[in-house]
Amino acid sequence: MATTHISPAESEAAPQHERVVNDLSIQVATVNGSGSQSSNMVLLRALFQMGIPISGKNLFPSNIEGLPTWFTIRASKHGWIARRKEIDFLVAMNAETGEEDVRGLDAGAACVYDEKLNLARLRDDLIFYAVPFDKLVAPVCPDAKLRKLVRNMIYVGVVARLLEIDMGEVERALRKQFKKKVKAADLNFKAVLAGYEFAEKNLEKRDRFFVGRMNENAGKVLIEGNAAAALGCMMAGVTVVTWYPITPSSSLCETLITYMKRYRMDPETGKATFAIVQAEDELAAIGMVMGAGWAGARAMTSTAGPGISLMAEFVGLGYYAEVPGVIFDIQRVGPSTGLPTRTAQGDVLSTALLSHGDTKHPLLFPASVGECYSMAIEAFDLAEELQTPIFVMSDLDLGMNYWMSESFPYPDKPLKRGKVLDAEDLNRLGGFQRYKDVQGDGIGYRTLPGTNHPAAGYFTRGSGHNEDALYTEKGELYVRNMDRLERKFETARRLVPGPVIEQAGHDVGVIAYGTTHWAAMECRDQLAREFGVQTDYCRIRAFPFADEVAAFVRSHARVYAVEQNRDAQLAGLLRLSLPGEEIGRLRSVLHYDGLPIDARSITDAIMTQEVGS
Amino acid sequence: MATTHISPAESEAAPQHERVVNDLSIQVATVNGSGSQSSNMVLLRALFQMGIPISGKNLFPSNIEGLPTWFTIRASKHGWIARRKEIDFLVAMNAETGEEDVRGLDAGAACVYDEKLNLARLRDDLIFYAVPFDKLVAPVCPDAKLRKLVRNMIYVGVVARLLEIDMGEVERALRKQFKKKVKAADLNFKAVLAGYEFAEKNLEKRDRFFVGRMNENAGKVLIEGNAAAALGCMMAGVTVVTWYPITPSSSLCETLITYMKRYRMDPETGKATFAIVQAEDELAAIGMVMGAGWAGARAMTSTAGPGISLMAEFVGLGYYAEVPGVIFDIQRVGPSTGLPTRTAQGDVLSTALLSHGDTKHPLLFPASVGECYSMAIEAFDLAEELQTPIFVMSDLDLGMNYWMSESFPYPDKPLKRGKVLDAEDLNRLGGFQRYKDVQGDGIGYRTLPGTNHPAAGYFTRGSGHNEDALYTEKGELYVRNMDRLERKFETARRLVPGPVIEQAGHDVGVIAYGTTHWAAMECRDQLAREFGVQTDYCRIRAFPFADEVAAFVRSHARVYAVEQNRDAQLAGLLRLSLPGEEIGRLRSVLHYDGLPIDARSITDAIMTQEVGS
Amino acid sequence: MATTVVPPRKTNRIGLEPAVYKGSKSTLCAGCGHNAITERIIEAFYEMGVEPHRVAKFSGIGCSSKSPAYFLGSTHGFNAVHGRMPSVATGTLLANRTLLGIGVSGDGDTASIGIGQFVHLMRRNLPLIYIIEDNGCYGLTKGQFSATADRGSVLKNGVVNDLPPIDTCALAIELGATYVARSFSGDKKQLLALLEGAIAHRGTAMLDVISPCVTFNDHEGSTKSYSYVKDHDEPLGEVSFIPFFGDIMVDYDPGSTTEVTLHDGSRLLLKKLDSGYDPTSKVEALRVLSESHDNGEVITGLFYVKTGQPNFLDLLNIVDEPLATLPEAKVRPPKSALDEVMESLR
Amino acid sequence: MATTVVPPRKTNRIGLEPAVYKGSKSTLCAGCGHNAITERIIEAFYEMGVEPHRVAKFSGIGCSSKSPAYFLGSTHGFNAVHGRMPSVATGTLLANRTLLGIGVSGDGDTASIGIGQFVHLMRRNLPLIYIIEDNGCYGLTKGQFSATADRGSVLKNGVVNDLPPIDTCALAIELGATYVARSFSGDKKQLLALLEGAIAHRGTAMLDVISPCVTFNDHEGSTKSYSYVKDHDEPLGEVSFIPFFGDIMVDYDPGSTTEVTLHDGSRLLLKKLDSGYDPTSKVEALRVLSESHDNGEVITGLFYVKTGQPNFLDLLNIVDEPLATLPEAKVRPPKSALDEVMESLR
Ligand SMILES: Cc1ncc(C[n+]2csc(CCOP(=O)(O)OP(=O)(O)O)c2C)c(N)n1
Ligand SMILES: Cc1ncc(C[n+]2csc(CCOP(=O)(O)OP(=O)(O)O)c2C)c(N)n1
Ligand code: SF4
Ligand code: SF4
Ligand SMILES: [Mg+2]
Ligand SMILES: [Mg+2]
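Residue numbers (the numbering used here), protein chains in the order written: chain F, 1 to 613; chain R, 1001 to 1613; chain H, 2001 to 2346; chain S, 3001 to 3346.
Think of the hints as simulated: they come from the structure by calculation, not from any bench.
One or more of the hints may lead you astray.
[Claimed, not checked] Computed cross-link-like contacts, BS3-like style, restricted to lysine-lysine with a CA-CA straight-line distance of at most 30 Å: (1) S:Lys-3142 / F:Lys-179; (2) F:Lys-145 / F:Lys-77; (3) H:Lys-2335 / F:Lys-180; (4) F:Lys-148 / S:Lys-3025; (5) H:Lys-2188 / H:Lys-2142; (6) S:Lys-3025 / F:Lys-181; (7) H:Lys-2306 / F:Lys-271; (8) R:Lys-1271 / S:Lys-3306.
So that you can see chain F by itself, here it is in the shape it has in the complex:
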């Protein structure tokens, strides 16, 4: 873990008295099941609407009610939206964690807290604002049962007042949040106002944090990665979806259900142009995907680590019998159950190699909600073009948190359905050989069950087969087939999304992928500004790696691969893929405590290693 602090502690921190505008992180500490999610979303959205670059991250426990939860909002005029470790503005609502939360703050931070918690006594280098939530909520909400909920809206008002969030935007955000539930919105807004007015009257602004209108978000949307991926799947024309609930992946399919019911009912018949099935487990989910993909459907499932493990055998079948399918892995922490509600990039290596025998699978690494959308579309194209399972490696941070994004573009290319022969083709050709490499790309032609032609049928099996898909145990045919599959993997290398590279001839290279991207970019800025260390950058977007990745490594003396796991898994895939000479240049920055990686940790880790080199 990158915990060494070798940099001047807070070199970028403004002097204590200076006004800090649009550059702060807010943390709301509550208890899960207490309904604070709406309040936090109203805050986040109001800032978003003010045109300020923001991100919001929900840190929640693996239970349903009663355990500590934190929501952090970052607003950054520089556009940095990775998690920041340092909290500037704490809203302490949870008795259980209040003391620890306060102790974790840097001097000069602000803390709004529930009067009852009596937190001000703990430190004298913070700015405290006590709020009598119970007293304020009573007149707003006569129904005692509902108070616990509405109570949380009060801090929205308090924070809005203290940070100077535009109350018009707060109300807009709140009404958007409650959609058509006008009564609920009215009640909640009353609570916001109560907080605002209390703060106006009773709290003297003493901290230095403010927000102000910007114009960075025009046309942008706010969406979770899982919803973005769901949209992508729908636009990719997915027809068969199978899933088994698991955090943090469930919301992908659940959101997809909502979208599909709305936009994918056949207007003529009112019937569904899709089938979505909650399977009995992940073994069944992937089996259904294999059956559907074999029959020509665009089929997918979505899961997390434990599900990936259970899919291992079937995915090997998919590789070897060459069946298309798309699998989303919304990664979470852990071997075994681990920390199921925390984020990680921990399945990269084992998923690339999933299943016994000589197997490997293409992986896509979306870094943004935009890529969750676009890579979902690409994944289905790739699966059908390559006739193999394709994995989209998202994570909890991306999948379940809200991220800003440009609007998603409508796809400008038709679906790529791959090499499928229909009855007409067969009439023309007289027949086909399922596993013959006709074009030298390692990919054979296939037919779909139901094709009305006597030469269409073939028998798919995971055991040894020749080019005609007939059973064989002949060694040389087995080798030929395996070599073709290897050739197909080379084709995959050309077809998958290539890296995004920023290169200006510096000595030091940084490699990142997925959500690590955001912290890596900010880290590069810190390295340059604070230490004068200029870096080149390579964001990997898929495995197998395009040749540019090897070239990038080759052209740098030291390359830091930054990732969110203990075992340097992407670096592992690089080690497996690169020529030996390049591997010596690789170093790793690893972060695996379950929280999204932050820039400072990377900067510290890189500088520690740079100093030594």
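Starting from the known structure of chain F, arrange chains R, H and S with the ligands on it as the hints suggest.
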């Protein structure tokens, strides 16, 4: 695949006319289910009894009856017992493959064939011996139903006569084979004699292959790897065995059942000191091992690739919850079902990394039946010392074929049961912390359920836990625990069997493991004799790799890692483990057609690369 | 004579010859019950006049699971992984609801490793013909017990099966399958009729077909045995030898009992449901099964049928055309849809 | 006054206080049926005077599967992987047959992902108390349907459950479990009695306990629901809010029916088996279950019990002491044994 032939085709072959004694390979081509197994075993055993180093390999199809099967016997005065590609002496009994079998022979080879097959017409550079099997069997075996079987004994006699196998040893071998079934033995021996007499009278010896008595096998045993492993398990004091049938692993547990019933019934009560359960599938088999290992039993299962894939999730639990267990992977060919009755070393990489999240597991690589026995014992010790699942990576070639070996030594060390505290310990200590690293080796203390002490109980879980085994989602505790597990893996590196190294300062190193060892050793001899290329050798016996492995690589300009898979899987583990500078020295020799690797293929592949370097 | 009499070619109602319904040559043991079932399947599809391209074949892993290669050779087939054929079949039928699915499994493939997927398939009432070729053992891995092995059966290595067999018919009925039957591989007439009924049924049709393994299931007392080795073991002492057998065939009337004498003299007591039996009551079906079990008989026939029950594809309300080949216009919503979603996210 | 009256400490027959049977504080939602079951388990072990160290606790994954942490705090427990608790429990009891095993699972953990291991556990009649805390949904992953959800239930996102619920009691009986019952989390008296019976039983004791999920299982028509949000949704519009409830308790007589009115006014019809019911006939038990299902009732009570049936450990003929701790002399055969084997291989 190593198929290039750059060496002088048969540099070691003796001139056509010279007598070749105790240096030949015999192949018997039959149909499975036809009962040729006994005949082949009699031949093999007779040669073994004559004191000649031998090996016997059965190449059989994945069905029960009616498909081609080959049995190859190698006898080598030099002690080379790897498979030889070139067949010197063919017994062609199978109409279906007869022509192809004959076409595959090198000039000068001999072929005994069933008269009916009329094979002599195919080539004039071979020595053919036609045998009228049907005619010969009729008088020997009046019962027509049994003829098909007894018929195969006839070739034993023919071959014995032609190669000058001692008939006394043939009879001894046959009677050993049929054990107490004297009537069966008599009938079969009559058939052998009929063959012998026919050959004596009718066949003129024209080929140059002979055998003669040696004295290399004194005290040696002949055993399959799976039986040897079973013996090791029994001597290791295994108490809970769970399994699900799968080729080529079933015979391990099936043999174990036989041994345990004989040697592990409690003499006082007549009850079993073990439980062996055929589980409903591999998920259940590994689950039972986890439950039993947790409760303190020496627990094991045995499977092949598809089973390993199904065990992925549970094995991650074992890693993270730190539960001992031993898993035998008798590797076979394939992603998916592949070629289930052919051999490979194809699960190495994915098993080392089995399960989602940051996981890795110790692997042991037995190369001989002796090591199947000794590593089985070591595996149980390691599992309990390290409190983690341990994999023994055997393969079909080792597991299901007969190999010669010195007698297995009786264990000279007591069982190592690892860090287990009983009630007395707890009385003394007052309590314990399950996941605390007391000695710095990364290994905590555990207690077993049923321990009569109020502080004994703890709750085992695959989710985040602190040193007291209590649930936690705290990031720093998660990191601390993962770092301890990493430390434990370092301890494993010290505890697992180290490599066997033969080093004399040469430029070229060869790395092999498991069954590849035998062909690699013979290849080194070929390289030295035929090309004057001297090599050093490192036989890897376990993952994680002892430091000597890195040192070996470091001290050679070029190191050839020889293995039986397409994806250079052990080389992959080396790439993941070695410093970058060393990786450039690694080259691979890969063999993956499902047949056991042979020396000539390796020699060719190495020389092709050496010439280019 | 100048005229040649060409005998009329035998064809079915859609004009296809029997050969069209055959597959490649079986590689199973001679006399294996599975081969007899294959023949009945060929006959049934021929007789029913099903277009081969409309069918999709599925199986798991095992000797039984190989048999889809031996019928309907021109039809697409998918030999999946062990015990997980139901999910693959489900996926395919979701992708193309116009297909007629037939799955062949073994008792190991279904009742041991595959029981989870079996349970959920039955519950869904997926329109699929599901055949268990039930020999009470794992043929392909050389004869270990499956979960349908009879209690008290003994393997060659002395291992005894102490556990009660799972009655897949009772489970299927309990779980919601809508056509549930048991037959014997050698009962041509009954099996053919049950298969034809299954082809006509629109829901899960589960057929447990007792199908002796001639090679391995030779334990004393097994109701699925063609025991042989017992007598011949002594003179031969050969474990890898596979004897040759002809199929055992039976023909008996509804309501009656027939005792099949197997090669080794051991007996299998088959009882056929009465022709008056009413297969519409679950409770009655379960009672009959339980009773026959207690009597040591194997009761055969159609235990339960329920028509008109919506099947899984009906419940999902999917369009009539195969989802797999819907045109892009049907599966990619228009730009306006994306715009609408984007707008809602601003 | 100088005398202090110390009230006698409450202890059970082995002299332990109730507190010894408690575990750590529950992190489940207030009012969750699972908590009430936890309390009954504590009571039952206390009342039966079981030594805590003799017990081993097992579970899979889910809210329900967390509950073993909340009882018998000083006892070893193993929270396994999702749906595979039966195999872990089996392994442990093989290793140490002197342990008293109790497994807690959810309906998702058992009837969906775990049904395969459930089936084989029941078939083996492993001496284990197996409790399903049955709420018809996946609590921990936020309320999706499990395979015991009632047909016709509707989720908030409009998804309807069209599939029939799996009756785990009927399955258990069919498969060979020897103590099979159903109860309701709020029925203190019945549940306690059934648990005590289960503790005393030597074979698989399967208890399906209806246990409402206060937070998610609030669909109309669900028999496992405490619906709430319906009324309050409009003023609040809050999805992440978890309301607070007290437990719902019932008390009714054998043979009678009680209607539980849930928070939202929806009803659950519980019917208790008649005190004259004879729980020794499988067929009768299955009939009663099927009938109650047809009547829309949830029948509770002990449906089936069979004593004297050898359990899995008996069948395996293992020594009486725990295998786990047999001394080396018992588990490593002497040199003569190895020599004998070696000799046979020469
Ligand atoms: C995951 C997995 N485990 C084990 C096997 C090995 N295996 C192949 S077939 C078979 C049993 C087949 O038995 P059954 O389904 O009854 O078919 P039968 O051969 O008796 O017709 C087994 C265990 C496998 N292929 N895959
Ligand atoms: C292999 C795997 N798949 C999915 C999950 C996610 N998961 C956790 S709990 C759960 C369902 C629990 O439902 P149930 O057993 O009914 O327990 P409840 O929470 O309702 O008490 C699921 C699907 C998981 N942990 N592991
Ligand atoms: S082994 Fe048995 S099941 Fe398999 S083909 Fe032979 S007879 Fe049939
Ligand atoms: S979510 Fe439901 S099942 Fe889980 S603890 Fe809360 S009430 Fe219980
Ligand atoms: Mg079978
Ligand atoms: Mg539940």
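To see whether the hints hold, each was checked on the structure:
For the suggested pair Lys-3142 of chain S and Lys-179 of chain F, the alpha carbons sit about 22 Å apart, so the restraint of at most 30 Å is met. Restraint check: the Cα-Cα separation between Lys-145 of chain F and Lys-77 of chain F comes to about 40 Å, which exceeds 30 Å; the hinted pair is violated. For the suggested pair Lys-2335 of chain H and Lys-180 of chain F, the alpha carbons sit about 25 Å apart, so the restraint of at most 30 Å is met. The hinted pair formed by Lys-148 of chain F and Lys-3025 of chain S meets the criterion: a straight-line CA distance of about 22 Å does not exceed 30 Å.
A C-alpha spacing of about 27 Å is found between Lys-2188 of chain H and Lys-2142 of chain H, which places the hinted pair at or below 30 Å, so the restraint holds. In summary, the hint linking Lys-3025 of chain S to Lys-181 of chain F is not supported, as the alpha carbons are separated by about 37 Å, beyond the 30 Å threshold. Between Lys-2306 of chain H and Lys-271 of chain F the CA atoms are separated by roughly 26 Å; this keeps the pair inside 30 Å, and the hint holds. Annotation: proposed proximity of Lys-1271 of chain R to Lys-3306 of chain S holds, straight-line Cα distance about 26 Å (limit 30 Å).
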